[in-house]
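Protein chains in written order, with my numbering: chain A, 1 to 222; chain B, 1 to 344.
Take the hints with a grain of salt, since some may be wrong.
[Claimed, not checked] Just a sample of chain A residues kept apart from chain B, beta carbon distances all over 12 Å, derived:
| no. | residue |
| --- | --- |
| 1 | I9 |
| 2 | T33 |
| 3 | P34 |
| 4 | A42 |
| 5 | Y44 |
| 6 | F53 |
| 7 | V147 |
| 8 | A174 |
| 9 | W181 |
| 10 | K198 |
[Said to hold, decoys possible] The following label-pair restraints were derived from C-beta to C-beta distances:
| no. | chain 1 | residue 1 | chain 2 | residue 2 | range |
| --- | --- | --- | --- | --- | --- |
| 11 | B | T204 | A | K198 | 49 to 57 Å |
| 12 | A | L146 | B | A206 | 49 to 57 Å |
| 13 | A | H46 | B | G101 | 36 to 44 Å |
| 14 | A | E52 | B | R73 | 37 to 45 Å |
| 15 | B | G312 | A | D166 | 28 to 36 Å |
| 16 | A | L146 | B | Q159 | 48 to 56 Å |
| 17 | B | H118 | A | E52 | 27 to 35 Å |
| 18 | A | E30 | B | K255 | 57 to 65 Å |
| 19 | B | Q159 | A | P19 | 35 to 43 Å |
| 20 | B | Q220 | A | E30 | 16 to 24 Å |
| 21 | A | H41 | B | E21 | 36 to 44 Å |
| 22 | A | H162 | B | Q7 | 52 to 60 Å |
| 23 | B | T204 | A | E52 | 52 to 60 Å |
| 24 | A | P151 | B | E215 | 27 to 35 Å |
For the record, the hints were derived by calculation from the structure and aren't laboratory data. A virtual CB, placed ideally from N, CA and C, is assigned to each residue, including glycine.
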Amino acid sequence: MTLPALEDITAHGGADPIPGLMRVETSPKEKATPILLEMIHAVYPHDDVFGEFCTVNQFIDCPPDELYEYLADARSLEEWTYSTRGFTPTEEDGLWRAYDLLGDDTEIYTRTVVNRESRTVDYHCAWDQGRHLWMIYLMRVVDAQLVLNKPGSVVLWTNCRHPFYDDNPFPETAPPQRPAWVGDLWDMFGPGHLLELKNLKAIAEYRHHNGLPVTPDWMRAS
Amino acid sequence: MNPVGTQPTISLIDVATYLPENRVPAEWYTQYSGDDSLRDNPMFRPPDFRHHAAIDESNVDMIERAVAALTERHGSGVLGEVDILLTHSQLPDLPILGAGGEVAARLGINPEWIVDVHNGGCAAFVLMLKLARQLLTSGAGRTALIAVAQNSAGKIFEQEQVRKLAQASVPGDGAAVGLVTLSDASPVLDIECRYFGKHAADMTLAADPARRWWESGSGQGYVGFNEGKIIKVLARGNRQVPQAVRAVCDRIGVKTGDLDLLVTNQPNRLLLRNWDEALGLPPERHRDTFHECGNMFAVAIPVNFEAAVLDGQIGAGDIVMMAGFAHAGDFAGAAAIQWGGTRT
Chain A
1 MTLPALEDIT AHGGADPIPG LMRVETSPKE KATPILLEMI HAVYPHDDVF GEFCTVNQFI
61 DCPPDELYEY LADARSLEEW TYSTRGFTPT EEDGLWRAYD LLGDDTEIYT RTVVNRESRT
121 VDYHCAWDQG RHLWMIYLMR VVDAQLVLNK PGSVVLWTNC RHPFYDDNPF PETAPPQRPA
181 WVGDLWDMFG PGHLLELKNL KAIAEYRHHN GLPVTPDWMR AS
Chain B
1 MNPVGTQPTI SLIDVATYLP ENRVPAEWYT QYSGDDSLRD NPMFRPPDFR HHAAIDESNV
61 DMIERAVAAL TERHGSGVLG EVDILLTHSQ LPDLPILGAG GEVAARLGIN PEWIVDVHNG
121 GCAAFVLMLK LARQLLTSGA GRTALIAVAQ NSAGKIFEQE QVRKLAQASV PGDGAAVGLV
181 TLSDASPVLD IECRYFGKHA ADMTLAADPA RRWWESGSGQ GYVGFNEGKI IKVLARGNRQ
241 VPQAVRAVCD RIGVKTGDLD LLVTNQPNRL LLRNWDEALG LPPERHRDTF HECGNMFAVA
301 IPVNFEAAVL DGQIGAGDIV MMAGFAHAGD FAGAAAIQWG GTRT
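Model the full assembly from the supplied sequences, consistent with the hints where possible.
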């Protein structure tokens, strides 16, 4: 017995309404495998890998719930990012103001959107202004026991190339004469985020291996 | 040039090749094509042509014919100087012994060293260069003749049951010899050989019904492939060959993209493409003869090299990289030569 998969589309558009759809019924293995093999290369251009979506992943030897707690506090960015510093609360609940030392005299605004059950931590950020947070870093902490059969955490982190990276829609909020816009650095995001993820790994593993709480006292206190 | 310090330099002075007369078009296979599920697999997409050795044409015959082209240029006296004879074929004329003894007899020579090299597979030419270097530089003589032959296309892959398989349309036959001497006229700059013994057992022969290769039975033997193995071998080739080339490039101080010529084994077009991309080399500087000769196993490297010499793609002083990998990925090698234009 099969489910009525795609029945609505077939009814709407006829027998082959979506060209290029690869499903085993219409593209048996002999047809699909050659296509897949052609897609396997020895190396991939940077732009193919990091052009539109920038994903970095890492195993971190520290319990996933503790790592999630730490990341869910926006002030953890003060520790593990390369250049965001000086987090202070704003008048708006949950919205933090900090400086991104990558830019000259540049403010960065951050709000976390989290889900404890799936351990997702999304950092909604923007340079210069806090009204439209469009730089969104999507992170998820996965229990390594499930996916790697060993204790610890796997962190998945994806950033999408929002059109504002290519064109600052709020030029009036930028400090005068700032030479670079955050989106100019897009091609550094792959290595840059990996570097930061390694910071996160080093910090969290140090605390876990040395019996320190992953979320430090100063962060818990307030 | 003496790239390895005080160690004497060896040179690849010349190569000579032989392709059997029987030039078989891809259509020859379509008349037999069965319903092999691997038919459309890019690992087995057929070349336009390949050459088939005659059913009774041995490795020794083919090597002898390649040597004839060499002596035509260098005079028959060159054979009298051979101190070391190395031979290789992936399908020996008889499993019990290699071609070396009979080749020496046919050529009327009696060198101090005769070694049948049975490993190295499609990269055997590189391994044999290294072996020749070791022997020559340690006092075994002044001249080595290295000979590779491949004749399975006209034999194994022409069989009634096997020619229906996708894999049958890819191999091509041929032979090649290289003249290596203790000199700096056309120096071998450096060689990298890497073994991956854990992959050796992935090279298998199969028959339907199943039997050991030496047992008799109704099923004709062919290479054991399945989808999973194909992907693994592709991934190993993708990785191993560029790594071996890079190791040599690093040591001789040449960027991979600056190589004047790359010649490799040529299992299929996919790997040729992937190696170009991985090394940042324009395809025209990676010379292949896949369309005309198919997968010639160990013979491809010298045949492709000769093709570039013949039409003047490379000249004296150019840096040539020879590279390849073997079997299911149990060996990979790369050798850099500064071609001396020593073909007379």
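Status of the hints after comparison with the structure:
With a least beta-carbon separation of about 27 Å from chain B, I9/A lies farther than 12 Å from that chain, consistent with its non-interface assignment. The beta carbon of T33/A sits about 6 Å from the closest Cβ of chain B, which is not more than 12 Å, so the claim that it is off the interface is violated. With a closest Cβ-Cβ approach of about 5 Å to chain B, P34/A is found to fall inside the 12 Å limit, against its non-interface label. For A42/A, the shortest C-beta to C-beta distance to chain B comes to about 4 Å, within the 12 Å cut-off, and the non-interface label is violated.
Taking the minimum C-beta to C-beta distance to chain B, about 9 Å, the non-interface status of Y44/A is violated against the 12 Å cut. Consistency note on F53/A: stated as away from chain B, and its beta-carbon is indeed over 12 Å from all of that chain's, at 21 Å minimum. The Cβ of V147/A lies farther than 12 Å from every Cβ of chain B, with a closest approach of about 22 Å, so its non-interface assignment holds. Under the 12 Å C-beta cut-off, the non-interface status given to A174/A relative to chain B holds; the minimum distance is some 38 Å.
Remark: the non-interface label on W181/A is consistent with the geometry, its nearest Cβ contact in chain B lying 31 Å away (cut-off 12 Å). The claim that K198/A is not at the interface with chain B holds, since no C-beta of that chain comes within 12 Å of its own (minimum 24 Å). At roughly 42 Å, the beta carbons of T204/B and K198/A sit outside the given window of 49 to 57 Å. For the pair L146/A and A206/B, the beta carbons lie near 38 Å from each other, so the given range of 49 to 57 Å is not met.
Evaluation of the 36 to 44 Å hint for H46/A and G101/B yields a failure: the beta carbon distance comes to about 54 Å. The given range of 37 to 45 Å is broken by E52/A and R73/B, whose C-beta atoms sit roughly 56 Å from each other. In this structure, G312/B and D166/A break the distance hint of 28 to 36 Å, their C-beta atoms being roughly 48 Å apart. For the pair L146/A and Q159/B, the beta carbons lie near 50 Å from each other, so the given range of 48 to 56 Å is met.
Judged by the Cβ atoms, the range 27 to 35 Å given for H118/B and E52/A is violated: they are separated by roughly 50 Å. Checking the proposed 57 to 65 Å range against E30/A and K255/B shows it is violated: the Cβ atoms sit about 41 Å from each other. The hinted range of 35 to 43 Å is satisfied by Q159/B and P19/A, whose Cβ atoms lie roughly 41 Å apart. At roughly 23 Å, the beta-carbon separation of Q220/B and E30/A lies within the given 16 to 24 Å, and the hint holds.
At about 38 Å, the CB distance of H41/A to E21/B agrees with the hint of 36 to 44 Å. A hinted range of 52 to 60 Å for the beta carbons of H162/A and Q7/B is consistent with their spacing of about 59 Å. Between T204/B and E52/A the Cβ separation comes to about 42 Å, which falls outside the hinted range of 52 to 60 Å. About 51 Å separates the C-beta atoms of P151/A and E215/B, a value inconsistent with the hinted range of 27 to 35 Å.
Going through the hint list in order, the structure does not satisfy hints 2, 3, 4, 5, 11, 12, 13, 14, 15, 17, 18, 23, 24.
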